[in-house]
Each structure stands twice: as structure tokens, then as C-alpha cells.
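Chains as they are written, first to last, in our numbering: chain F, 27 to 369; chain E, 27 to 369.
Mixed in with the good hints, there may be bad ones.
Now the in silico label distances, taken between C-beta atoms and shown as ranges [stated by the list, open to error]:
hint, chain 1, residue 1, chain 2, residue 2, range
1, F, MET90, E, GLU332, 52 to 62 angstroms
2, F, LEU89, E, GLU50, 35 to 45 angstroms
3, E, LYS327, F, ARG128, 48 to 58 angstroms
None of these hints come from the bench; they were simulated from the model. Ideal Cβ placement from N, Cα and C applies to all residues, glycine included.
There are 2 protein chains.
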Amino acid sequence: MENRTEISSLGEFGLINHLTRNFEIQNASTLLSIGDDAAVVDHFGKQTVVTTDLLIEGIHFDLMYTPLKHLGYKSVVVNLSDVYAMNATPTQVTVSIGISNRFSVEALDEFYEGVYAACEKYKVDLVGGDTSSSQKGFIISVTALGEVAPGKFIRRDTAQKGDLICVSGDLGGAFLGLTLMEREKKIYLENPQVQPNLEGEDYIVGRLLKPEARKDIIDFFEQHNIVPTAMMDVSDGLSSEILHLCKQSNLGCRIYEDKIPVHDRARQAAFKFGLDPTVCALNGGEDYELIFTLKQEDYDKITLNEEISVIGYTTETEEGIKLLTKGGNTFDITAQGWNAFTK
Amino acid sequence: MENRTEISSLGEFGLINHLTRNFEIQNASTLLSIGDDAAVVDHFGKQTVVTTDLLIEGIHFDLMYTPLKHLGYKSVVVNLSDVYAMNATPTQVTVSIGISNRFSVEALDEFYEGVYAACEKYKVDLVGGDTSSSQKGFIISVTALGEVAPGKFIRRDTAQKGDLICVSGDLGGAFLGLTLMEREKKIYLENPQVQPNLEGEDYIVGRLLKPEARKDIIDFFEQHNIVPTAMMDVSDGLSSEILHLCKQSNLGCRIYEDKIPVHDRARQAAFKFGLDPTVCALNGGEDYELIFTLKQEDYDKITLNEEISVIGYTTETEEGIKLLTKGGNTFDITAQGWNAFTK
Chain F
27 MENRTEISSL GEFGLINHLT RNFEIQNAST LLSIGDDAAV VDHFGKQTVV TTDLLIEGIH
87 FDLMYTPLKH LGYKSVVVNL SDVYAMNATP TQVTVSIGIS NRFSVEALDE FYEGVYAACE
147 KYKVDLVGGD TSSSQKGFII SVTALGEVAP GKFIRRDTAQ KGDLICVSGD LGGAFLGLTL
207 MEREKKIYLE NPQVQPNLEG EDYIVGRLLK PEARKDIIDF FEQHNIVPTA MMDVSDGLSS
267 EILHLCKQSN LGCRIYEDKI PVHDRARQAA FKFGLDPTVC ALNGGEDYEL IFTLKQEDYD
327 KITLNEEISV IGYTTETEEG IKLLTKGGNT FDITAQGWNA FTK
Chain E
27 MENRTEISSL GEFGLINHLT RNFEIQNAST LLSIGDDAAV VDHFGKQTVV TTDLLIEGIH
87 FDLMYTPLKH LGYKSVVVNL SDVYAMNATP TQVTVSIGIS NRFSVEALDE FYEGVYAACE
147 KYKVDLVGGD TSSSQKGFII SVTALGEVAP GKFIRRDTAQ KGDLICVSGD LGGAFLGLTL
207 MEREKKIYLE NPQVQPNLEG EDYIVGRLLK PEARKDIIDF FEQHNIVPTA MMDVSDGLSS
267 EILHLCKQSN LGCRIYEDKI PVHDRARQAA FKFGLDPTVC ALNGGEDYEL IFTLKQEDYD
327 KITLNEEISV IGYTTETEEG IKLLTKGGNT FDITAQGWNA FTK
């Protein structure tokens, strides 16, 4: 029999002590961590970046196919992705959770294992949070702090006309992972004897359940003195992010369908599900890649990095926000990305 | 008929634009605010304080008697209270909300009116957040940043033997306000014709629904060169906070019942409900006062401030954590404060 320790047996402060007992501070800027009214951070001579995300069971994740350890990892990573998207280095996170009594201490331990794994990988300190009961479902709120040299942060509204539009990694994989998991869930609910068939799908499942933040791209920029003119992360789907970037920068753009990076395994999965891989890349969310614009003269510098694709360029506003398809047609790019309130 | 705009008619980004359209930045340290992946804060030469709280409908508040504007105000204030409890000045907040479709845009406007009122009063900037749908109920997560001169933050575990134990304001009022509102709610649910009777109870109702953070006390410390040896805010009830402060500082204490400040109106309400006012002060939560310890030689300095009460002093650990009652008895102080997981 598995152990099950009721959370009420520890109490709130006992629980906090339990969950944070093995955590070691990794940043010299972390002066005071968990256990007081607030954490204290020293950002002498740096600028502080702060970002926050709320993740709610049934809206952002389904515990039927999301292991708690992966959920803890992902909850941290999606915030770090926002910090990197500012060209900053994440340094601290706070993690708050609201939980119903269906969760045991062992279940929370799994979640925090994931939180700690992400903190360790990205060298950030967990410095606080709040634990609460919830009436229904698991609620997670993460805030990340990061630091950046004065004036070196990169906004999303500062792209210039004629800049190259680039993305890191590949797109659409997380959405296809979600499609697969939802399909397998449905099959399981209809017939619990059928085991999920995830063979050969580890790539798209990994994109969904264990995303990574693109620290490597930020490091590459620094090593090669590359300064994007604008940058943001791709969390709601490429089309949604392109619209933000162009509209906020008062620009139009041309995106080439055949330049949008889609992983072979994602493409195969799309065909299997009868989906268009390009639509998955444009409208699927949660890839946590970076989209950024570069001056054209920086083109040579980025060809060094296979993880960066140039997918188009910015134009005058009047030219519209356009996709040029493989078949030679031109379409307006519209926001069909993830929308929290209509789906 | 009242206006009701569905949130889905705005979409997530439309909603964010709508809710933040009138907000002006108040702190020079706020370099980049709402609308990018993260906010950017300049804390050159200061240390950054970060704290976060999660508020969940049905657990932390009841919308049946909590106006949304008050809720927005309180959500910010409870976080600022934690920043002041570090002897720091709050500068920025992020506010994330999860909402079900039973809320209209007008309802959220009311909530944000309260958020903005608190930001304006305490001169902090709203710099970000996340909006999401929820499966059930209203979920609020606020993170506050503050700044403090290097090394000037005050921890809760640094009290010294023989220090005076002080609290600001008065205690137990919020709990009595909650008791009153719960009573009136019960009466109303049994007989909706009966109007709530809150006459003469505005003090305790205000303590519950519109708490303030004790900026004035922190300002007073600065003006009079007072440096508490330890400090925290009183959010879970006096007994719970005394236990934290003493245990984390490895000390015992003597608290005098007759020195615990209880407002006359709270005392009257307690008697009306058949409750012991001291028990309300010890075990009721949400007063958001400050508890702090001072060297004895600082006693003269604080007598200037009528909002500060000396309620006892710290002792050796071996002498225990004790309450001396008006009747001359001595009791151990136990943690009967608010516990998120057993109540």
C-alpha cells in the first residue's frame, strides 16, 4: 500500500517546512528566503524582471495525464520562459498552491520534486509562496524574478521595419501532444481496459508535459553579441504572438509557411490526426519557444545556430500581417491562438 | 437594468487592456509595466522584497458579503502588509485572477477599482498579472515587491532575550466582523426578507472588509530611528504569530492579557456574541497589524505613538511561551490561529 499522509496532519506551517526542507539557495542575490513575511533579494546594479502565471486544474492541465512532478516542473518553466523572453536571467521564484483534501502530502512532494528539479536546472531559488486549501481542484500561482543589466531588457513593441522575424526550436508539438493525450483519455474513459498507446509519440508528449525554457538562446545572444530588436515567448501559438509583436510595434509582416519550423515527429502526428501541421504551429499553444526580430545585418550571426529559424520579416503596417503559403497564396494572420475565455 | 458585458466578448488581451487602461505609474523604479512577458524594475542600490498571497473564494472570502471593490483593495493590502512587516516600502504588485463565466466585465471593473484604490493609497504600481478562467469560484493571486536599504530589512527570527513585545493598533476586530457577517448571512439564508442588521458595527465590519497595512508604523520607526529586533504581521491571530516569533528566535515570552489592545467596539461585539475578547484577539486572524520586538532602552521612543502597545517581553526558551491573565493565572499560548487545512 502506498503511504498517504493527510495534509491536515502537518498544518500549514508544518507543510511549508516539509515541502521546503531540502532546498538550498543558489543565487548570492537571495538574501532571505522562505519563512518570513517576504523574501529579500539584492539586485544591486541590475534591473529586476517580474512575471507571474496562474495555472488551474481543468483549465491549464488535466491531472489524468499530467504527472504531478511534470506539473511542478512546467509551472516553474513557463514563468522562466517569460523571464528569458525579456533577455533576463531568472534568479528567484515564488510558488503558491491551492489544494483540496484529495491531495496527500506524498502527492505534493511529487509536485515539489518537479519544482525543485526546474529550480536546479535553471539555477533559480524558491524564495516563498503561499499554501491554501481550495474548494475544487489544484491551483498554482508562480511568480518569477530575474535580473538584467541596466537597459538590456528587450520589449515586444520595439521591432523595426525590415527586421528579420525568427523563432527558436520548433512549433506545434505541444498542441499535438495535447491532442494525443485527450484522444487517449477519451478512449480510456470509454474503455478502461485499453492501455494508452503512446508508442513513438514521446517527442510530442514531452513537448506538452515537460517543456523547457530557451536559456540556450539567451546565452547564444550574449556570446555572439546579438541584440534582438524585440522578443517575446511563444505560449499562445505563433499567430497570436506575431499579432502582438507586429501590432505593438506598429508594423506589418510577411511570414513564409515553409519556413515555420515543425519537428518531423510533430508533422507525422499531425498527419495521423488529420491536422495541418502549419495550423498546429500557428494556433497551438504552449511551445515556450522564443520569437524575436533582428536587424538584417545580424543574419550571418544567427546562421551559426541550428535552433533558430528565420520565418519572415517585418513590413509597413499598411502591408498587413500576412502568411505566404507553400502554394503561393497570401492570407491574413488572425488570432486563433489559445483564448482563456472562449474555449 | 444593469449593464453586463460578457468577458468572452473582450477576450483575454482585450480584458487586460480594459482593466488596466487608466493605470498610471507612480514609482520611478517601474521601468516597464503591464503588456510584455514581464515587468522590469530598477532597484539600484536597494534590496528587493517579494511576497505573495493566494485568495480563494469560499476559503478566504465570501462574495455574499464581500463587495468586489473591497476584495480588490484587501487583496493588495494583505500583501503590502507583508512588505511593511519586513521594514520595506512596497513599490510594485502583480495581480492574477481566475474567474468563472458568472462574472461580468463590470464585476471585474469593481474588483480592479479596489486594486487601483489600494495602489494609489500606498503608491505602488500594478506591473503585471495573469487572467484565466476558473472552473469554480474567484481565485486571486497577488505578488508584491518592495525595496529596503541594504541590510535594513527586519526578520522574524532575530528577537533577543528581554526585548519588549509590541503590537500596533488593535486585535480581534476582523474576526468579530467575520462572526457578525456569518451570523447575518445565516439569518438571511433562513429568511431572505430580513435585512442585515449592521448598525453600530461599522468598526468591526471595516476591519474585516477593508483592512489597512501599517505604513504609518514603518514611517514612525524611520522618523524616530527605531529599529525593531524582529517583526512580522499579524494575519493568523496573535497567538500564532507570537509562537512563530518566539520559536524562530529561540525564546520564550510573557504576554499580559490586560495589555492586549482590543477596540471598544470589538469588545462590545464580543460580549454580544458571548465571546471572550482576548480569545478573539489571540485566535482570530486578518487584523494585519504588526507585531515586533524592541530593545528595552527604546521604550521611551514608542510611548510617543498611541498606536503601539507593549504587550509583554521575551524570556529564555525554558520559561515557555506564556500568557498572564487578568485573573493572575498563567497559561501556555498555543496555536489556535487560523489553519488553512483543519478548519
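Enumerated hints in conflict with the structure, sorted upward: none
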